[in-house]
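Hints in hand, dock the two standalone chains.
Just so you know, the sequences run in chain order E and G.
All the letters of the first sequence, read from the start, carry residue numbers 2 to 154 under the numbering used here.
All the letters of the second sequence, read from the start, carry residue numbers 83 to 642 under the numbering used here.
Just so you know, these hints were derived from the structure itself, not from any lab.
Wrong hints could be hidden among the right ones.
What the hints assert, rightly or not - With a Cα cut of at most 30 Å, we get these calculated DSS-like pairs of lysine-lysine: (1) E:Lys-122 - E:Lys-43; (2) G:Lys-610 - E:Lys-122; (3) E:Lys-43 - E:Lys-115; (4) G:Lys-105 - E:Lys-115; (5) G:Lys-610 - E:Lys-43.
Quick caveat, the model's predicted, so the values are computed rather than measured.
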Amino acid sequence: MPDNNNHNSTEKRTATDGGVAGQPGQAHRDTDYLNAEVNLLKPSTLFMRDHLRVVWTGFAIWFVIVFGPVTLTRFAPGLMTSQVPGIGFPLHYFLVAFAAPTGALILSFWYARKRDALDRKYGIEHTTAEETGRGGETAVTDGGERTEGGDDE
Amino acid sequence: MIGAASVVLQSGLLPEGLNVSFKIAPAILVLGMLLLFLAIGFVFRVADTEDMWVAGRSIGNVENGMAIGANWMSAASYLGMAALIALSGFYGLAFVVGWTTGYFILLIFMAAQLRRFGKYTAPDFVGDRFNSDAARAIAAITTFLIGFVYSIGQARGMGLVGLYIFGDIGLPGLTGYQSMVVFMMAITVGYLTISGMLGATKNMAVQYVILISAFILGLYVVGFTQGYSTLLPQLEYGTLISQLGAEFSEPFTSGSYYLWIATCFSLIVGTCGLPHVLVRFYTVESERTARWSTVWGLFFICLLYWSAPAFAAFGTDLFSENIGAVYGDPGMSSAAGDVIVVLAAQLAELPQWFVGLVAAGGIAAAIATVAGLFIAGSSAISHDIYTNIVNPDATQRQQVLVGRLSIVLLGLLTTLAALNPAAPIAALVSYAFSLAGSVLFPMFFLGMWWENTNREGALAGMLTGLTIWTIPMINEVLPTYVGAEGPFVPVLAQWVPAIGSALIAVPIVFAVTIVVSMMTDEPDLETKQIVRQCHSPEPMTRQQTAEDVVTDGGQTPSDD
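Chain G extracted, bound-state conformation (with noise of 0.2 Å):
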């Protein structure tokens, strides 16, 4: 087996080296912290579906690119990248990569379009430009799957983290971990019920600020309180690569360069796949801040993928310095690694306020993200499947409590599944990438700049992106869950890695849906011009989606 997932053994769930018990100082920050939350999301709770999904259209250029930044820095940047990159040297940088130039892509083909299109989900999206509640209903469901999958590795980080502020907490029949992944999830899952979408959004610039702080403010002290660096780490670390042994930085020592460019090209069209990515460009005013709001979120995004590289070295450093060899057996352990940012800022023996600051960073981190993807995933079940295919009478009130319903269900799946984690925090989520890149981005990108998309070709394209995304899953994934040692067949994993799967998936599903779409009739009339209203330069109102433009001939929208 190669690749990360050789590299990063599961190998117990209690991070060695951490100093797991209970902290009076960082507990409180962390619990005022999570108060804080509540409190925000109760003073901008809501009770209609407009304010849930999409925050009313309100949203500005900076705080709509710090929603970004928060939505999309979770767990896996704030503490998986770091633990890939300190494990995996050159291969963990395919992450930071993938997960900062996908948004160039986002930007030039995809964020003004989506902002034109102007309706509440991504499902939405697929199933009123294809004309099928089929082609709905798969979007809503890989919506949900995608959901699911990414918060396994959030509620795998929030565990991990929670170790350090709160000790074992000691549920009955459960370890230290799963405690406190039932114990943080239960905080998450009650405060998005409460609050939705206008909640989260503000929830997330707040969200922004304390995780990048946190985080910038570890890099330096640790930096500087160990001479290490002064006044940018970012590139200071640079002069400690050659001190770190050969696996931090020699190529291709951890995954080829085949995987390498498969998991990179993943992580790219899965950003521009991820339903809560793309819902934060409903969510804008207007498409120029749908573009600027990009560039900000891109902006506030590098801040921490410069910093991540170097929080990794110092951690390495330290862990090597203070606990043992981090590389060959044993070596430092993945649930070790994906602490290693806030065991960096305890083996530099700063005080447990600080240490604190650090892991509340992390754990603000993975609930922004959980938010924004449960946010996505209960929007696909309340509103996509229920209120647009089971129950087109839906009143706001059953919406807004089937949306609540599939919250707490989303929650306790991950939960199970978050118990006994298949892989560390970076990897379980680039999984999502995979689906997100596989079924959803090519349905976006062709639905956008090819108006002859038509509905058999989507349906035939989201069927082959989801086949071709679970073959992989339940060759290399299940046999962790089953006990069984290694993937079912080891040459699939090699050219069709779970983790980039979308590799060999993006152009098969974009061909099949490009013939046959061929071979089938072309769309009708009206949803051509939609496709053409969303490229059209001619500025819309706020409140104004393409369909309107479209249906009313261009009358006053003053109707509604």
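Isolated chain E (complex conformation) (with noise of 0.2 Å):
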């Protein structure tokens, strides 16, 4: 439970999610991220963890959808000019021409979405963004307040 760590920060962080986090969210609150080392291949928190899965995914799909094509494209070359029934399209123009955007974009709107959902797993609200169309609790928002682990010694 919170009183366990050397934060003095635990009673506003209590306040400010309502206590709906759960786990996670109890993590989070418990994470010193200023001791927590940054690499991309060894996430040392829960909560990169879980973004980096996200990350990753994202990632390995937009190599495919970005290099696949061409790349068939020069090994089938056959089977990728092909025409598309339809949309008189030859498969390797459109997948290319159109698909590629467009599965960028999509991902894109997928990762934010699922950036937010994180947010919300770990309890973590960006006041700042939002400050007029909230309730009174935005009032002690303001994010200088959450000591961060530079006075723990």
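So, in structure tokens, the structure goes:
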């Protein structure tokens, strides 16, 4: 529970998420991000592990969308240049000119949604972004209050 | 010589088929648009540096998305891409893919983290992250160079399109094209020195609306009146492709598979390293806005990029019907290609004012991008070199003055280089992408995602990147200025093409940076903590930077 860590910030934090965050929210509150290493290949916090799972999934799909069609065209030109029935495009042309940008757009939307969902899961509120639209609780939001591990020592 | 450079040979700079003469309605349209930009710039004129560089960090989701779009969609998107697709066929699509999909990488790896880092300029990041003025200076010089190289393409675009509207204004000693370059650049520089970034950001949203509506309206009207398309020209041009000749769609006729990948890769990493793109994430109010404005930005960009191939297809067909064969000898010149969007509207016999509208959109695109580039370039000089290195006690007045002087300098250099440009718009622009991808992208990526990247690693990496970028530039681009035939070393041009040199450069720069960082001391704890703060999901306030949080231990930022 909160009292086992030496941050002085737990009271303020519990107030912001209203207790809905549950386990990940608790983990987030217990994490001292300033003392957790940043390494793309070795995520050190629960949050970053979750985040990087989304990032790498998106990246893998992106890679296929971007370089897949042109590579297939290189190795199976006959198949790839055949006409798509209905819209008249050669398949390779359609996949590159239309599907790739569209795919990246959909992926981006997907990622931004996922990332917002992660924030919710960890009980993080971006109050600065929509100060006016929310209720009175935003008055205490100013992130500067949150003590980050700087005063641990 | 292979690839785009061979496809689009330089053959004079008067586009054949384009009706070059002074036209009153389009001229009023363009001048009105420029006056509007100046007025907006004037209303939002700035005197202090916070506003000049990051617009007071006040920009929201959709507005920033539009600014990303306008800033991004230069003459290279508006004019150059359709030109490459028309002239180089399937190879041209490497640009469509590279210039859109790169935003996803930017989004997942960099946008929010950059916002959290929260400084003013791209070199700021490099200088502060690696605690080195030398690194800052290299990044600033790179930024300046990018602005310069990139803007040459824009100036070329403005010059060519301006010819349709204003005709040959005939400045003494210059050709019609050159006079127009001088005229348009003078206007751009004038408005920029007055307004700075806040004005530029406000302008960019307006410019986006103008350019996208001109482009899409142009496409719909051309498609509809010529019987090519009805509701969705972006998909309907598919049925036209088989009539356009094998060169239009056949894979790898004008660029090998390797060149395609190299170009596409360079454009993607270039997207993630371009200072004028990165700085857009400093201007937003929160990291969440940074993310969503990237999604919006990509959507706004896609609107044009879905349409450009369709415009190219219509233009190619109209050109071959009205003027002559597009491919083969002589074929369509690169100058005609670069105005194919305007040409298509003109050949479709649309009213003059309407063609003028399409042309004006091209000018808006070029001006918006030059604005972003010049701001990035001039803040590199005034903020990163002058204020941080040369004169730390500079007053705001002095900083703004140096900023304005460097805008003028950039304008002069660009104008001179654009009088006799070495390549078509999109190719010129892609040189800048290779540079950004080779030098800045690895620093941002590693600096952000591997906290042990240190000063020595960054310096070694950036110098390696600059070197690898310079070699093909000397090999391929210099010959066109000194009148030599083809590249000095053809084999080098084949494997390290100037247009896609980042494919080779990026892995090498990564390796050099990592190895050197591992062999030397780790960065100090504070630097590491700043990096960690950039990745922490903990919200920050609008004016806070990661450095503030680390140095003041999270005390309230109210002291400023």
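Hints, one by one, checked against the model:
| no. | hint | verdict |
| --- | --- | --- |
| 1 | E:Lys-122 - E:Lys-43 | 21 Å, holds |
| 2 | G:Lys-610 - E:Lys-122 | 26 Å, holds |
| 3 | E:Lys-43 - E:Lys-115 | 21 Å, holds |
| 4 | G:Lys-105 - E:Lys-115 | 52 Å, violated |
| 5 | G:Lys-610 - E:Lys-43 | 15 Å, holds |
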